[in-house]
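So the protein lines, in turn, are chains C, Y and E. Reading the first sequence from the start, the letters are residues 124 to 403 in this note's numbering. Reading the second sequence from the start, the letters are residues 165 to 586 in this note's numbering. Reading the third sequence from the start, the letters are residues 875 to 1292 in this note's numbering.
Simulated from the structure, these hints should not be mistaken for lab results. Don't take every hint at face value.
Claimed, not checked - Computed cross-link-like contacts, BS3-like style, restricted to lysine-lysine with a CA-CA straight-line distance of at most 27 Å: (1) Y:Lys488 to Y:Lys478; (2) E:Lys992 to C:Lys230; (3) E:Lys1252 to E:Lys1034; (4) Y:Lys576 to E:Lys1252; (5) Y:Lys213 to Y:Lys525; (6) Y:Lys576 to E:Lys1045.
Stated by the list, open to error - Computed far set for chain Y versus chain E, every beta-carbon distance over 10 Å: (7) Lys211; (8) Gly384; (9) Gly389; (10) Asn582.
Every residue gets a Cβ at the ideal spot worked out from N, C-alpha and C, and that includes glycine.
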Amino acid sequence: MRNRSRLIRLTLSYGVLIVMSILILYPLAWTIGASFNPGNSLISTSIIPKNPTLAHYKELFEGSASLPYVQWYVNSVKISFFTMIGAIISVSFTGYAFSRFRFKGRKNTLTIFLLLQMIPQFSALIALFVLAQMLDMINSHWLLILLYIGGLIPMNTYLMKGYMDSIPMELDESARIDGASFTRTFWQIIMPLSKPMLAVVAMNGFTVPLGDFVLSSVILRTTEAYTLPIGLFNLVNEVMGASYTTFAAGAILISIPIAIVFLLLQRNFVSGLTTGGTKG
Amino acid sequence: MKRKRLLLGLVSGLMTGVLLTGCGPQESGSDGSESEKSDKLVIWEDKEKAIGIEEAVAEFEKEHDVTVEIVEKNYAQQLEDLRLDGPAGSGPDVFTMPGDQMGSAVAEGLVKEIAVDETLQSVYTESAMQSQMVEGKVYGLPKAVETTMLYYNKALISEEELPEDLEGWFNYSKEVRQGEQYGLLALFDQTYYANSVLSGYGGYVFGKNSDGTFNPEDIGLNNEGAVEGANEIKRFYDEGLFPSGLVGEQGINVIESLFTEGKAAAIISGPWNLEPFETAGVDYGIASLPKLSNGENMRAFIGVKSYNVSTFSKNAELAEELVKYLSSEEVSKIRYEKTKEVPAVKALAEDQEVMESDASKAIAEQSQFSDLTPGIPEMNEVWKPTDAALQTIATGKSEPQEALDQAVKSIKGQIEANHGGK
Amino acid sequence: MQHRKVALLLSIVPGFGQFYHRQWLKGLLFLLITISFFIAFKDLLNMGLWGIVTLGTEIPRDNSIFLLAEGLIALIVIFLGLIVYYLNLRDAYKTGVMRDNKQTLYTLRQQYEHVLLKGYPYLISGPAFLLLLFAVVFPILFSFAIAFTNYDLYNSPPAKLVEWVGFSTFKEIFTVDIWRSTFFDVLAWTIVWTIVASTLQVALGIFLAVVANQKEIRFKKLFRTILVLPWAVPGFVTILIFAGLFNDSFGAVNNDILAALGIDAIPWLTDPNWSRFALIMMQGWLGFPYIFLVTTGVLQSIPEDLYEAATIDGASVFSKFRHITMPMILLSISPIIITQFTFNFNNFNIIYLFNAGGPAVPDSTAGGTDILVSWIYKLTMQSSQYALAAALTIMLSVVVVSIALWQFRKSSTFKEGA
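Construct all of the structure, not just a fragment, from the sequences and the given hints.
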């Protein structure tokens, strides 16, 4: 009796897992297939192309004026990388401040910013454009990086504070007694212990620029300054001359490296997220 | 408590002080921007069309001792970009746009009026020139005209075999339809294409006032003629003569590839397909659109692309000069040879060399039976609801009368919402 | 007169209060900051304040929108200046109090240490908050300001000046039929979308984590890796791919999968209900791995003896799940679940990239799948209804912020005593 129900349960479990795996792998496989298909449109695209071609990959690396894919790639990696670094630095500082110090405004500021951040900013895109113009930073990747970092601070500080709260206070108190400064305590005690959460913040910092095409397309006005999301979106979205297959090739080249990094780091994320999100 | 009030008083005192000194710009606006002329012009040209004006621009640079930078940008997108880039100073002096955006461009003040006398006006075809005028003022010069036309694959159908009217095509399509093989394909689920049928039966987008301007309150997309036209379109879908639900924005790519792959005998499309088809090596012919079953001609939209001067140009005089130069007969001809865009210059339409091409012949012929795409801002509200109605007709989800009534209701609502009382 | 009052009065000109206390260096610092503040921002303050009040007086010289933005930046700069000014006053006053009480004043070195100690949290989080001020607060102030102007297609620079019009745009949302009906349609779908899509992804994530983490399952690592994949691929890429897959006529879903199953093509992109269905499914696909990951972490941390004890008590697999696993999971990941809801409420990318909010539906200025954010985006970028979009943003914010506030009150993270 017990064995039979166990058998049923396991069969069902494997069934569920296999079906889900297929659902997940199919679109990804389809994209890989599409990138090798000749032609531009969806119509004759199939998972296993009849006449596979590398033409779309070649096109991406040719670097024509309207499709400087390599340049976009470099831009995106640069923006993501520096956003990540900036987010890690600023968030660990703010996280430290909110977790370890009792100062005026501590209770409310962060909540206020968290709330403000939920307000959509689409009707203010022009304002950010004017800001960029006043600073003479239109087309500037650095301004974009700063804006991304600014947007990342509230939520990630919230997570970071939660995580740091789970590190026992006694540790830094004893360090203080030994004469270590705040900054030193921070670098030598808090930071190393916060690694899993730093991984989460790093991940958020890296992926936010890769998911945005609205803010970036307001600040970045020339083709060479574009990031991958703007460039790839335009590839698919142009009413005349949309190229799905080239998009697929471009999408694969960006997705594979990111996916590998993610899978390698996932262990860190898990412990960061479960602790940071829960401890209060 | 007392201390707080004292502080508050001090702070607000300072505030008022700052406000009082804040008295705005010192000098008035008459000078400023006009005085600082630059010796550089920027022109936004349509995508992949810069090749057509490179020579002319070089010539212009020499003659006026300026540098002209050419930037390629999708022409339908340029006005949107100008909104931001213009005031920011990163905008162009000269740009290009489709005629149906003219109304919005003028309402927002993004495009500058230019001085064009009667003689210069008469160089261009009347309808093309019309598209550049708002309330009697001229805001640009036509660069090229577009209408839809019939492409046929010579391997599948010869010129003599071409059916005369839509009815004939209907029967032909029925005959050849099997597997992946199609007769005539058209994007009749989109307003731009379907309008040629609807208005051939008497439908129209906006009625006209007595002075020739469009009347946004008179919408004829659900009148008897329009419904008759929609029924005509519906037959093609009902009989399965178009690939199952050839609908949505991707449609253009679909019929393009079906045609290049030899799976469709003929398609209705615009001059933008000339080059791709040539590159793809299709042996194709071009003809004007077939007649309708009621004996009328299909009335396609005429789209006009134009060169315009941006309001934000620091060197508007020279920019105007450049617009006139680029739209001149001489340059238009070179442009045509390089980019296959059909110019709106009357003299060229009679030119043997130009007329030799089937495409320009078809466009010239079709233009006689066509209406200008309305250029008033209200036109923005027409596309989406009408597309939606046509799609529901194409997919058989609702009857023409019902769908079009709904569309017109939506359009009227949108116009009231976005343009009401203005 | 007491020292504190004299110092405070003298401090109206920053630095002079400190001079009075013979704190020369500090006084000089305050004075220098003040002077450089006015030199650096003179033009900005002048133009900005004039601009925000008048919104320009002359076309084409004045661009109202640019003036408005400059004005707001000027206000932010003034705000920062006032903070310094306040510190100046406070410092002079406090030192005065100490003198009145005949206390010895701090030496320079003591002052420096005092600032470092007391001000440390401000010092390390200051730059971040400065950034927040410009990246988050400034755009919001701008939206709020725009909502009270008449900025739209017919009142836009450079052709026209924009004017302050008060609440009339808000009134329009409720009095013009088509706006009102659109607003409530979109609001309804936004709520349905948020609840259904978030619940689906959370439920799916938990369910799969529980299934994949059963002791007996083999190839755990392989399954886990596959299940996490949707999270590892950039979202905008996946959404655009799905848009292609769901294409009515040529997408693989209709042509390969449904055709193989003998089901007729489904109008994924042209029928609002099918579009909504597809969107919810996609969000499930995109969103579950995150929950899956987190839940897996929680599951691994549940002590084994809990289950053993339950097994001895004769609990079935199901009742173990219900009484041990589920409560543990919900307890630990409920804050994360809440973030999923707020995320989907503002999930612009999936709606816009999939079908641009389409298909068009009658009696509505928004598309069939538009949620509030994507509608606001389209109003701004496509219909030039800037003021209206901003007014909607405000109304939306009120809703979001009050819900979130209520949630935060319940969650413990910001309670003291941690």
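Here is what the structure says about each hint:
no. : hint                   : in the structure
1   : Y:Lys488 to Y:Lys478   : holds, 17 Å
2   : E:Lys992 to C:Lys230   : holds, 17 Å
3   : E:Lys1252 to E:Lys1034 : holds, 22 Å
4   : Y:Lys576 to E:Lys1252  : holds, 19 Å
5   : Y:Lys213 to Y:Lys525   : holds, 21 Å
6   : Y:Lys576 to E:Lys1045  : holds, 21 Å
7   : Lys211                 : holds, 20 Å
8   : Gly384                 : holds, 18 Å
9   : Gly389                 : holds, 22 Å
10  : Asn582                 : violated, 6 Å
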